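Based on the sequences and whatever the hints tell you, model everything.
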Amino acid sequence: MSLTLEEVEHIASLARLELTAEEKERYRQQLSAILDYARRLQEVDTTGIPPTSSVLPARSRLREDRVEPSLTPAELLRNAPHAEKDQFRVPPVIE
Amino acid sequence: MRYEAVIGLEVHAELLTRSKMFCSCAVVDSTSAAPNTAVCPVCAGMPGVLPVVNRQAVEYALRVALALDCEVAQTSLFARKNYFYPDLPKGYQISQYEYPLAERGRLVVDTISGERTIRIRRVHLEEDTGKLTHVNDGQPRSLVDLNRAGVPLLEIVSEPDMHSLEEVRAYATSLRSILRALGVNSGDMEKGVIRFEANVSIRPEGSAQLGTRVEIKNLNSFRAMERAIAYELERQAAILDQGKEVAQETLGWSESEGRTYSQRSKEEAHDYRYFPEPDLPPLVVDADWLERVAAEMPELPRARQQRFMNNYALAAVDARLLAEEAETAAFYEAAVAAGAAPRLAANYLLGEVFAWMNASGEPFSALRITPSSFAGLIQMLESGQVNQNTAKAVLAEMLRDGREAAEIIAASGLQQVSDADVITALVARVLEENPAEVESYLNGKETLANWFFGQVMRAAAGRANPQILRRELARQLGNLKR
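Going down the list, the sequences are from chains B and V.
Each residue of the first sequence is one higher than the last, beginning at 1 in my numbering.
Each residue of the second sequence is one higher than the last, beginning at 96 in my numbering.
Simulated from the structure, these hints should not be mistaken for laboratory data.
From a predicted model like this one, the values you see are computed outputs, not experimental measurements.
Please note: incorrect hints may appear among the correct ones.
What the hints assert, rightly or not - EDC-like, lysine to aspartate or glutamate: derived pairs with alpha carbons at most 20 Å apart: (1) V/K185 / B/E75; (2) B/K24 / B/D36; (3) V/K226 / B/E84; (4) V/K226 / V/D374; (5) V/K185 / V/D366; (6) B/K85 / V/D182; (7) V/K185 / V/D374; (8) V/K286 / V/E193; (9) B/K85 / V/D124; (10) B/K85 / V/D232; (11) V/K226 / B/D86; (12) V/K576 / V/E532; (13) V/K185 / B/D36; (14) V/K576 / V/E527.
To be verified - Simulated restraints, written as ranges between beta carbons of each label pair: (15) V/A410 / B/P92: 39 to 49 Å; (16) B/Q30 / V/M284: 43 to 53 Å; (17) V/E422 / B/I34: 29 to 39 Å; (18) V/V144 / B/S32: 26 to 36 Å; (19) B/A15 / V/V144: 19 to 29 Å; (20) B/I34 / V/T126: 41 to 51 Å; (21) B/A74 / V/L385: 42 to 52 Å; (22) B/S32 / V/A325: 46 to 56 Å; (23) B/A33 / V/G143: 23 to 33 Å.
Note that beta-carbon positions come from the ideal geometry of N, C-alpha and C, so glycine has one too.
Have a look at this one:
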């Protein structure tokens with residue numbers, strides 16, 4: 001099965017990616033190939049096998065609830081394109 | 096047509112940890128702290144960082160899961176919920192999706208029409224977002240403060256088991272008091288530490304089929320939640336009455352306009368592309384941990400209410416009010432242990448003390464009375480050393496300056512007059528001084544007995560023991576009749 005161009009455009013817009021026509025076609029083929037491969041994997045009978053969601057060690061290491069110093073606002077905002085009153089400034093977000 | 100409401104609630108509660116969910120930044124009051132003072136590369140979403148789960152946040156979540164009778168998953172998974180919004184620095188929120196921490200619980204609440212069981216679908220852990228401030232002084236823009244980004248958030252999702260505003264209110268307030276009792280959330284709505292989302296639909300009464308539901312987001316107070324749901328129930332009924340169909344959509348609530356409004360198209364908003372969080376291995380809660388949390392669970396408000404009803408013969412409403420907050424409940428029980436009569440103590444605590452707190456705006460923790468000084472007053476009242484009016488006046492003084500009841504009474508000569516001879520003399524004097532009223536009384540105007548009672552009480556400066564006075568008055572009036 002192949003992804004449509006519209007589906008690629010939808011995925012790109014969700015990720016706020018701007019793609020050229022050539023890129024859209026290239027990613028459509030690549031993403032379709034990935035989905036086809038996943039479909040082949042799904043043919044394997046996995047009855048009784050717990051889902052593997054992670055290849056990391058079997059369990060999360062937990063952190064004690066201890067506070068450590070944070071960045072200063074100046075450090076945090078050093079790479080921000082726009083800052084104002086110790087905050088990131090972004091285009092207006094309309095509710 | 097008559098309709099039945101079908102309502103489910105999602106409750107988001109910030110957890111009272113010291114540090115954030117996945118990093119060691121302090122959890123600060125996001126309504127008052129200077130912006131961006133509790134932010135590090137992890138919660139700012141900078142490249143190359145890794146989240147590490149806060150053990151205390153998991154433990155708090157387990158307390159809630161157990162309090163709600165949930166099945167706790169031995170292994171649960173974190174997932175990425177992807178969406179683009181400036182308050183979300185990573186471009187995704189770490190949440191839980193297919194494998195939440197706990198599922199299938201229940202909460203029993205009391206309503207006017209009896210007990211209701213609201214099923215809990217799931218309880219899961221996630222992180223809060225940052226805070227946006229919209230500025231428009233000719234040049235519209237938004238400012239981003241990430242202090243709140245990464246604060247542990249517990250999401251509690253109910254089944255659509257509520258059918259009236261009263262049930263929603265009972266569920267939400269009960270959940271809030273449980274969170275407070277467990278010490279996992281301050282319950283301080285004004286700080287935004289509990290937020291609601293409601294799923295609302297209606298169907299013709301008696302129908303088994305569910306209607307189209309809408310989701311109302313960003314309800315930040317009990318008031319907003321109730322108003323929004325009430326508005327939505329009416330709006331949907333009007334649509335169905337016209338033979339039209341309710342659109343499935345996500346709504347916002349405008350507090351100032353008092354109405355819901357369409358927020359964004361469903362398809363776009365809900366395409367979250369969840370996938371397992373690759374940076375976090377599965378979260379494992381082994382049996383030992385769960386057992387320890389269970390063993391350390393405090394008494395919950397509803398169990399305490401039942402106990403108060405059984406042990407102290409309190410009415411359900413009184414028991415609930417006293418049992419709701421651990422601090423009030425502890426004060427009450429300490430006063431009873433110090434010798435206060437349980438029902439009398441409950442009346443004075445819920446009546447006089449609560450009224451004083453309301454009027455003064457002071458919290459319970461600021462009270463100047465102690466359980467033993469309060470018990471002292473209640474004992475004097477019970478034994479007839481003071482009457483009710485005096486007790487109330489003395490209690491007001493105790494609340495003002497923290498002195499003991501006995502001291503205030505001794506200083507002001509407020510002891511109740513229980514001396515029968517004194518009262519006998521006072522009654523005789525009042526009857527003597529009011530011959531016209533005595534004559535009317537003897538001619539059948541028996542209600543004057545209350546007036547005589549008042550006159551004697553006044554002559555005694557309010558301190559006469561009312562039982563002795565009433566008995567003596569009846570005796571002397573009876574003698575006159577003969």
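Each hint, compared with the structure:
no. : hint                       : in the structure
1   : V/K185 / B/E75             : 18 Å, holds
2   : B/K24 / B/D36              : 18 Å, holds
3   : V/K226 / B/E84             : 14 Å, holds
4   : V/K226 / V/D374            : 25 Å, violated
5   : V/K185 / V/D366            : 17 Å, holds
6   : B/K85 / V/D182             : 16 Å, holds
7   : V/K185 / V/D374            : 13 Å, holds
8   : V/K286 / V/E193            : 30 Å, violated
9   : B/K85 / V/D124             : 18 Å, holds
10  : B/K85 / V/D232             : 15 Å, holds
11  : V/K226 / B/D86             : 13 Å, holds
12  : V/K576 / V/E532            : 13 Å, holds
13  : V/K185 / B/D36             : 29 Å, violated
14  : V/K576 / V/E527            : 15 Å, holds
15  : V/A410 / B/P92: 39 to 49 Å : 55 Å, violated
16  : B/Q30 / V/M284: 43 to 53 Å : 49 Å, holds
17  : V/E422 / B/I34: 29 to 39 Å : 58 Å, violated
18  : V/V144 / B/S32: 26 to 36 Å : 33 Å, holds
19  : B/A15 / V/V144: 19 to 29 Å : 20 Å, holds
20  : B/I34 / V/T126: 41 to 51 Å : 45 Å, holds
21  : B/A74 / V/L385: 42 to 52 Å : 44 Å, holds
22  : B/S32 / V/A325: 46 to 56 Å : 49 Å, holds
23  : B/A33 / V/G143: 23 to 33 Å : 29 Å, holds
The structure fails hints 4, 8, 13, 15, 17 (numbered hints given earlier, in ascending order).
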